[in-house]
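Enquirer: Each chain, written out:
Protein chains: 2
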Amino acid sequence: MEMEFSSRVQQKVPLSKIATNDGHGEISQYFDGWKAYDSDPYHPTRNPNGVIQMGLAENQLCFDLIQEWVLEHPEASICTAEGANNFMEIAIYQDYHGLQEFRNAVARFMEKVRGDRVRFDPNRIVMSGGATGACETLAFCLADRGDAFLVPTPYYPAYDRDLCWRTGVQLFPIICDSSNDFKVTRKSMEEAYQKAQESNIRVKGFLLNNPSNPLGTVLDREVLKEIVTFINDKNIHLISDEIYSATVFDQPDFVSISEIIEEDGVRCNRDLIHIVYSLSKDLGFPGFRVGIVYSYNDSVMSCARKMSSFGLISTQTQHFVKSILSDEKFIEKFISKSSERLAKRHSFFTGGLSQVGIGTLKSNAGLYFWMDLRKLLREPTVEAETELWRIIINEVKLNVSPGSSFHCSEPGWFRVCVANMDDECAKVALRRIHKFVLLYSKGITEPTTPKNHCRSRKLQLSLSFRRLDERMMIMSPHSPMASPLVRAT
Amino acid sequence: MEMEFSSRVQQKVPLSKIATNDGHGEISQYFDGWKAYDSDPYHPTRNPNGVIQMGLAENQLCFDLIQEWVLEHPEASICTAEGANNFMEIAIYQDYHGLQEFRNAVARFMEKVRGDRVRFDPNRIVMSGGATGACETLAFCLADRGDAFLVPTPYYPAYDRDLCWRTGVQLFPIICDSSNDFKVTRKSMEEAYQKAQESNIRVKGFLLNNPSNPLGTVLDREVLKEIVTFINDKNIHLISDEIYSATVFDQPDFVSISEIIEEDGVRCNRDLIHIVYSLSKDLGFPGFRVGIVYSYNDSVMSCARKMSSFGLISTQTQHFVKSILSDEKFIEKFISKSSERLAKRHSFFTGGLSQVGIGTLKSNAGLYFWMDLRKLLREPTVEAETELWRIIINEVKLNVSPGSSFHCSEPGWFRVCVANMDDECAKVALRRIHKFVLLYSKGITEPTTPKNHCRSRKLQLSLSFRRLDERMMIMSPHSPMASPLVRAT
Numbered sequence: 001m002e003m004e005f006s007s008r009v010q011q012k013v014p015l016s017k018i019a020t021n022d023g024h025g026e027i028s029q030y031f032d033g034w035k036a037y038d039s040d041p042y043h044p045t046r047n048p049n050g051v052i053q054m055g056l057a058e059n060q061l062c063f064d065l066i067q068e069w070v071l072e073h074p075e076a077s078i079c080t081a082e083g084a085n086n087f088m089e090i091a092i093y094q095d096y097h098g099l100q101e102f103r104n105a106v107a108r109f110m111e112k113v114r115g116d117r118v119r120f121d122p123n124r125i126v127m128s129g130g131a132t133g134a135c136e137t138l139a140f141c142l143a144d145r146g147d148a149f150l151v152p153t154p155y156y157p158a159y160d161r162d163l164c165w166r167t168g169v170q171l172f173p174i175i176c177d178s179s180n181d182f183k184v185t186r187k188s189m190e191e192a193y194q195k196a197q198e199s200n201i202r203v204k205g206f207l208l209n210n211p212s213n214p215l216g217t218v219l220d221r222e223v224l225k226e227i228v229t230f231i232n233d234k235n236i237h238l239i240s241d242e243i244y245s246a247t248v249f250d251q252p253d254f255v256s257i258s259e260i261i262e263e264d265g266v267r268c269n270r271d272l273i274h275i276v277y278s279l280s281k282d283l284g285f286p287g288f289r290v291g292i293v294y295s296y297n298d299s300v301m302s303c304a305r306k307m308s309s310f311g312l313i314s315t316q317t318q319h320f321v322k323s324i325l326s327d328e329k330f331i332e333k334f335i336s337k338s339s340e341r342l343a344k345r346h347s348f349f350t351g352g353l354s355q356v357g358i359g360t361l362k363s364n365a366g367l368y369f370w371m372d373l374r375k376l377l378r379e380p381t382v383e384a385e386t387e388l389w390r391i392i393i394n395e396v397k398l399n400v401s402p403g404s405s406f407h408c409s410e411p412g413w414f415r416v417c418v419a420n421m422d423d424e425c426a427k428v429a430l431r432r433i434h435k436f437v438l439l440y441s442k443g444i445t446e447p448t449t450p451k452n453h454c455r456s457r458k459l460q461l462s463l464s465f466r467r468l469d470e471r472m473m474i475m476s477p478h479s480p481m482a483s484p485l486v487r488a489t
Numbered sequence: 001m002e003m004e005f006s007s008r009v010q011q012k013v014p015l016s017k018i019a020t021n022d023g024h025g026e027i028s029q030y031f032d033g034w035k036a037y038d039s040d041p042y043h044p045t046r047n048p049n050g051v052i053q054m055g056l057a058e059n060q061l062c063f064d065l066i067q068e069w070v071l072e073h074p075e076a077s078i079c080t081a082e083g084a085n086n087f088m089e090i091a092i093y094q095d096y097h098g099l100q101e102f103r104n105a106v107a108r109f110m111e112k113v114r115g116d117r118v119r120f121d122p123n124r125i126v127m128s129g130g131a132t133g134a135c136e137t138l139a140f141c142l143a144d145r146g147d148a149f150l151v152p153t154p155y156y157p158a159y160d161r162d163l164c165w166r167t168g169v170q171l172f173p174i175i176c177d178s179s180n181d182f183k184v185t186r187k188s189m190e191e192a193y194q195k196a197q198e199s200n201i202r203v204k205g206f207l208l209n210n211p212s213n214p215l216g217t218v219l220d221r222e223v224l225k226e227i228v229t230f231i232n233d234k235n236i237h238l239i240s241d242e243i244y245s246a247t248v249f250d251q252p253d254f255v256s257i258s259e260i261i262e263e264d265g266v267r268c269n270r271d272l273i274h275i276v277y278s279l280s281k282d283l284g285f286p287g288f289r290v291g292i293v294y295s296y297n298d299s300v301m302s303c304a305r306k307m308s309s310f311g312l313i314s315t316q317t318q319h320f321v322k323s324i325l326s327d328e329k330f331i332e333k334f335i336s337k338s339s340e341r342l343a344k345r346h347s348f349f350t351g352g353l354s355q356v357g358i359g360t361l362k363s364n365a366g367l368y369f370w371m372d373l374r375k376l377l378r379e380p381t382v383e384a385e386t387e388l389w390r391i392i393i394n395e396v397k398l399n400v401s402p403g404s405s406f407h408c409s410e411p412g413w414f415r416v417c418v419a420n421m422d423d424e425c426a427k428v429a430l431r432r433i434h435k436f437v438l439l440y441s442k443g444i445t446e447p448t449t450p451k452n453h454c455r456s457r458k459l460q461l462s463l464s465f466r467r468l469d470e471r472m473m474i475m476s477p478h479s480p481m482a483s484p485l486v487r488a489t
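Protein chains in written order, with UniProt numbering: chain F, 1 to 489; chain D, 1 to 489.
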């Protein structure tokens with residue numbers, strides 16, 4: 001109905017081109033999966049056959065620690081007897097510089113996360129409405145309509161909305177693939193740059209996401225140096241989105257771009273370097289909309305600060321965040337516990353999957369892993385990937401995100417989020433994957449006419465799922481039953 | 001130093017056109033005045049000769065009520081023992097629809113403020129980063145680069161930033177003046193529309209601010225109907241910025257555009273109607289960044305909601321706001337007390353000014369009044385207004401805002417904000433104005449050569465200010481001394 005209405009209106013009173021194009025990026029399987037979850041969400045008792053949300057990179061593993069801290073620190077809030085005296089002062093503060101103590105605390109936290117190997121100037125901390133706002137702010141500051149940023153694939157789907165929709169800037173892919181674990185190389189960067197130039201597209205920057213979403217990997221020093229050399233050679237900007245910098249749960253350590261540019265022997269014009277940060281992932285507060293732009297370029301910093309008027313952080317939240325971040329002892333404990341729990345959850349899934357012969361890209365960061373289902377594809381195409389994804393979401397009832405929605409060049413990869421659920425839900429999810437792999441692998445080997453291949457397989461899956469249910473319910477992910485059974489098929 | 005750096009950078013690595021233009025609007029006396037205040041802020045004991053901030057439309061008059069409420073309602077916050085159980089649920093909520101209870105409470109509050117004469121659908125409440133974000137969102141939705149919105153003068157200076165800077169949309173003035181108390185007429189609307197068309201500018205909408213900032217007036221039913229007829233005749237959008245709708249302290253009542261379009265006999269395509277709202281003024285929480293877009297157009301609502309990703313309201317704040325707004329009894333008391341205190345403050349200043357022969361536009365809303373200093377101008381030009389303004393800010397040490405920064409067509413008007421200070425500060429401010437008017441009127445009558453006119457008057461003022469200080473310190477604003485003295489000059 002909305003569409004009907006909308007087309008009538010557009011004829012009568014035109015809206016803007018931006019309002020009527022698809023630059024918001026919601027016409028995508030990434031968001032379709034969210035909608036499928038929203039219409040039938042899993043609940044252990046009320047809707048045990050519902051869709052489990054594994055498409056949301058959310059960190060729910062350490063809220064017990066936060067809650068405990070909150071109760072011990074009523075002065076951290078302006079809505080308690082201990083903090084209410086600050087209510088007016090905080091509620092009316094609307095300066096786009098942000099509370100000085102907030103900036104101090106965020107800068108200090110960013111240093112801590114980088115092992116105190118670099119310093120951040122609190123006066124360069126610029127606020128934005130989440131990383132979403134930070135990315136758009138930088139796009140507005142650095143590039144004109146039609147200009148492009150290079151970005152290695154696969155990349156976070158909403159970058160298209162964040163950097164492009166309202167700015168008119170483009171993202172131009174640097175093609176990476178599994179042959180070298182999706183690492184960006186000088187060759188692939190040059191190729192992309194060349195291709196853009198041939199299409200008469202002006203390249204204004206490079207967008208990096210480190211640690212990577214969806215890969216869950218951290219970039220190593222050599223690759224980072226190569227990128228810094230490249231952007232200096234081309235004289236283009238570098239946006240380093242480091243929103244998962246404290247969400248690293250194994251070796252190797254995270255290395256920030258801020259460390260690379262301070263290394264001996266690295267030649268870099270710092271005016272080209274800009275960092276995006278947020279507390280949505282590392283502290284798990286996506287609702288609080290704490291986004292940060294940190295630019296080494298004075299003009300960009302000054303312009304971004306003016307733009308922050310459109311996405312300031314609530315001062316109630318600034319006040320709370322500065323309080324909790326200033327408790328360095330607590331923060332150290334939090335990061336360490338968070339890593340520990342993430343590592344456990346990660347290995348629960350990746351270990352469980354390897355038992356049924358499913359591989360994942362080796363990773364040590366993020367709230368997800370990159371699952372390799374290439375061998376389950378009917379053929380190595382995006383269509384086949386979409387087919388498989390539909391089965392996973394509609395039959396297996398798991399909202400995982402297909403690689404194509406991350407602009408992955410190789411069909412068959414899926415991002416699976418693991419930190420937005422409790423242990424019980426994780427067990428159910430893994431059980432479903434196990435069951436699916438068992439049945440699906442079996443389905444592939446059975447004879448069907450090519451035409452009916454997909455449909456019959458789907459039907460068979462639906463029936464088999466129910467029959468297998470009882471047997472699977474008693475099968476733990478670490479049960480010896482799983483692996484031999486599958487290896488046999 | 002920053003500028004030096006910036007020009008060097010711009011040569012080496014160009015930033016965007018947006019980053020390097022002046023669309024942020026900060027090169028203005030409106031912001032110069034803020035800077036003057038920032039560098040020398042008044043404090044009753046620490047800096048009694050500092051600049052008093054009368055350029056900030058901020059409501060500080062009722063925080064005692066809010067604070068009292070906060071202490072009685074610890075469950076309203078997720079950072080108290082009573083509310084901490086909701087911490088995780090609230091902190092991770094990042095849906096751009098916003099918390100349902102928040103939307104319900106805001107819609108209900110908007111109804112209450114309009115005397116329950118209209119209904120608002122909570123599902124049409126779209127979040128934005130303050131009214132700043134709401135205005136930009138609507139501009140992005142409704143118009144393309146180069147398109148224009150008509151706007152009656154004088155108007156809020158930051159509209160230029162909010163609606164134009166990053167969107168490329170223009171504001172095209174509808175000239176209003178004091179001959180009819182700055183009321184917009186059909187004739188003035190038609191003239192502006194015509195003029196835009198002659199300049200080949202496509203008019204896409206009309207931007208209305210009701211109650212008006214800077215005038216402090218509410219629009220009457222007839223004018224509102226005239227505007228609705230006009231925008232329907234031209235088939236253009238109407239943005240009604242109603243952020244001061246609960247900040248009305250005298251008759252006549254505020255009438256919202258939402259009431260007009262429901263009146264019998266009013267022909268209106270509701271797809272053209274969009275309201276901007278915020279809690280920055282009416283509740284006095286500018287730091288909390290609660291901005292609202294309410295559109296009657298489904299396509300605009302749907303697009304604005306997607307855009308709200310760039311300026312979502314912190315869920316910590318959504319949770320608090322829904323709690324306090326849901327206490328209808330408290331809200332009623334708050335609005336009534338707030339009106340009462342504003343009325344008192346308003347008449348303290350306007351009454352005090354009339355004692356020294358200074359007029360103000362009759363008004364009943366907002367956190368300011370519109371002061372008529374036309375008779376103090378050397379000549380009726382913007383230059384003379386700026387000259388006078390410099391004296392007021394540098395010598396009288398009051399940061400009031402000159403009419404030219406509001407695009408006023410008539411030199412000599414100044415906006416004076418009165419609700420961002422306590423009673424003591426208000427007394428000091430009024431005393432300074434009294435003293436200034438006394439001395440300045442005297443200065444004007446004294447013979448000086450035209451060339452040295454301004455300089456000598458300034459010098460004389462500085463000297464006289466100090467000498468008159470003791471006498472004035474004992475003169476209350478309601479003292480009989482003031483008025484006869486001035487009337488004599």
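Source of the hints: derived by calculation from the structure; they are not laboratory data. Just so it is clear, CB atoms sit at the ideal spot from N, CA and C, and this is done for glycine as well. Hints are supplied without guarantee of correctness; some may be wrong.
Cut-off 20 Å, straight-line C-alpha distance, at most; resulting in silico cross-link-like pairs (EDC-like, lysine to aspartate or glutamate) [as the list claims (entries may be wrong)]:
#1 F:K306 with D:D32
#2 D:K17 with F:D298
#3 D:K362 with F:D298
#4 D:K306 with F:D298
#5 F:K17 with D:D32
#6 F:K306 with D:D38
#7 F:K17 with D:D144
One side only, chain D facing chain F, incomplete, derived with CB under 8 Å [what the hints assert, rightly or not]:
#8 A91
#9 C141
#10 N364
Output of the computed footprint for chain F on chain D, the stretches with three or more beta carbons under 8 Å from beta carbons of chain F [to be verified]:
#11 191-200
#12 286-294
#13 354-362
Enquirer: Each of the hints needs a verdict: does it hold here or not?
Expert: Quick rundown of the hints versus the structure:
1. F:K306 with D:D32: 15 Å, holds
2. D:K17 with F:D298: Since the Cα atoms of D:K17 and F:D298 sit roughly 16 Å apart, the hinted pair holds (cutoff 20 Å).
3. D:K362 with F:D298: 46 Å, violated
4. D:K306 with F:D298: Distance of about 31 Å is beyond 20 Å: violated.
5. F:K17 with D:D32: 36 Å, violated
6. F:K306 with D:D38: 17 Å, holds
7. F:K17 with D:D144: 6 Å, holds
8. A91: 5 Å, holds
9. C141: 4 Å, holds
10. N364: 23 Å, violated
11. 191-200: As far as the segment 191-200 of chain D goes, the hint is violated, because 0 residues have Cβ atoms under 8 Å from chain F.
12. 286-294: holds (count 4)
13. 354-362: violated (count 0)
Hint violations for this structure: numbers 3, 4, 5, 10, 11, 13, all remaining hints satisfied.
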